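Enquirer: Single-letter residue listing:
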Amino acid sequence: MSSGDIWIIGASMTPFGRFADQDLIDLASTAAMDALKDAQTTMDQVGVLAMGNVYEANSHNGQRLQKQIGQTGIPVFNVVNACATGATAVRVAMMAIASGETDLGLAVGVEKMGKMGLLGGARKGRTKTEFTPNGRYGAVMKTEGILGTSLMPGVFAQAGTEYALRHGVSAEQFAKVAQKNHAHSVLNPLAQYRKEFSLAEILNAETISYPNTLPMCCPTGDGASAVVLVSDARLRTLDPDVRRRAVKISASVLTSDPWTESDQVQADINTLTRLAADQAYEKAGIGPEDLDLVELHDCFATAELLHYDNLRLCEPGGAGDFIDSGAPWRGGTTPVNVSGGLLSKGHPLGATGIANLYEVATHLRGEAGDRQVEGAKVGLTHVVGLASACAVHILEAAS
Amino acid sequence: MEANALTAASPAVNDPSGTPTRVPVVDYLVLDEQPYIQAQCCNACGALYFDRRNACARCFATEFSPRRLAGTGKVRAFTVVHRAAPNIPAPYMSVVVDLDGGGVIKSNLLGVTDPQQIKAGQRIKLETFTAGVDDDGTEAIAFGYKMDGDEL
Ligand SMILES: [Zn+2]
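Residue numbers (UniProt numbering), protein chains in the order written: chain A, 1 to 399; chain B, 1 to 152.
Hints were generated in silico from the structure; no laboratory data involved.
It should be emphasised that the depicted structure is a prediction, and the values quoted were computed from it without experimental measurement.
Check the hints yourself; a few may be wrong.
[Stated by the list, open to error] DSSO-like cross-link-like pairs, simulated, lysine-lysine; straight-line CA separation at most 27 Å:
id, chain 1, residue 1, chain 2, residue 2
1, A, K115, A, K142
2, B, K146, B, K74
3, A, K142, B, K125
4, B, K146, B, K119
5, B, K74, B, K119
6, B, K74, A, K142
7, B, K146, A, K142
8, B, K125, B, K74
9, A, K37, A, K67
Bound conformation, chain A alone (with noise of 0.2 Å):
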């Protein structure tokens, strides 16, 4: 324990699903009540509120949760970054506990998108009458599909296909990433969707965008989660049982993409998650051999793939080596998404860089019932949107 230490002593996520029933503040209220109980605390002692969600970003949801459950006039920080966005509302918490602000604060994260289908940003293609320059390519006509896709499954397909072109992966190989993590998520209850399917089934399915079949996409969908951060000396003042369910924050990094030469055509999320990871373990003085579990960003079974090599969890190069070793399945030395991963779990944007930071505390607090990590103490989080934003933590149990 070190003075500059900011610990989580509270964690929840709601389950993720489609709830018609629930608006957005219904489900962020549910999340944040549910941390502020689990830290055996009340809206009364926090200091900051840092709230995350992508597509109602213009909203001061954060403002519109104080009055769900509780009006303190603490500064209130509202906050979108791709798909980074809750981890990104977490950084924003630490920064006001790091810099003397506030010893406790409350970061939750939350999105509703119901049914709004895999190709989520694509609108209606419009007609035309008289070509006219447009933008900053002066476009005559949207360009989606005449000039490749930058649709999110061609990104991520692509950024696959790229891998696998230098390094010979199959496309049974980014198949079986989906196989483990529908397989892990029969025993999370907090999963979207938890069935599994057979490397065949998972081929077999219709094909969105090749590599990725339709259970290699993460589904669309609702939910919140939130977690309490205090500052070291805070914590020495809490009760026992609290500081025993502590988990130590031992890096906390947030990039964004630095130039490529191809960036500018196909989004990256190499670089960053690279430049994430070896920064997240220099400030832990942790290796990538020195995880227990890990939850990063499978937003499509490729992209999984390529972090077990961005995140040096694999020999580089080798990330179709490391899927067929079982190495990231929940028995193998680095487990991956044993929630299911956003592949099965679940993806409301704002709330997967919470929901995996939950993950991995529960976990470390030994209290993760039939999916548990036996004896876990160390555990990775990354998410990264496009384009760009990548979020890696690292946390540690408090023993």
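Based on these hints, arrange chain B with the ligand on the given structure of chain A.
Expert: Leaving out everything else, chain B with the ligand in the frame of chain A:
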């Protein structure tokens, strides 16, 4: 040269005989007799951009000049899109291409939908086609790539 000179890079091609006007689907496609891709090149470090930049994202220099990129290159990444955007026929193949002599670009690989046909280092070459015609009869000319078997 100023970065915004790019807007003048690809004017509509007017034929005095009255045949339909052709416009490039994006302004980094130049419709010469032999169409080509043109980028803005950072005078200091050589980084290439298809849109205008206030400073180079790589080295922060502020001077750019237009540069003609090669019409040939190698497939760097690909996907076969089955669930496509509205009004886009599927399946089709999207490729990210390493152009000979520098530059990375994305477009469709025309006439191929079998992923097994793409091997590491697959060579491709530029091809233009009409992507649409507006009510005035103006044709929008797009670019894609074709397999370049001879040089494989
Ligand atoms: Zn430069």
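Enquirer: Against this structure, judge whether each hint is valid.
Expert: We went through each hint and held it up to the structure:
1. A/K115 / A/K142: holds (24 Å)
2. B/K146 / B/K74: With a Cα-Cα distance of about 11 Å, the restraint between B/K146 and B/K74 holds, given a limit of 27 Å.
3. A/K142 / B/K125: holds (23 Å)
4. B/K146 / B/K119: holds (14 Å)
5. B/K74 / B/K119: holds (10 Å)
6. B/K74 / A/K142: holds (26 Å)
7. B/K146 / A/K142: holds (22 Å)
8. B/K125 / B/K74: holds (9 Å)
9. A/K37 / A/K67: holds (18 Å)
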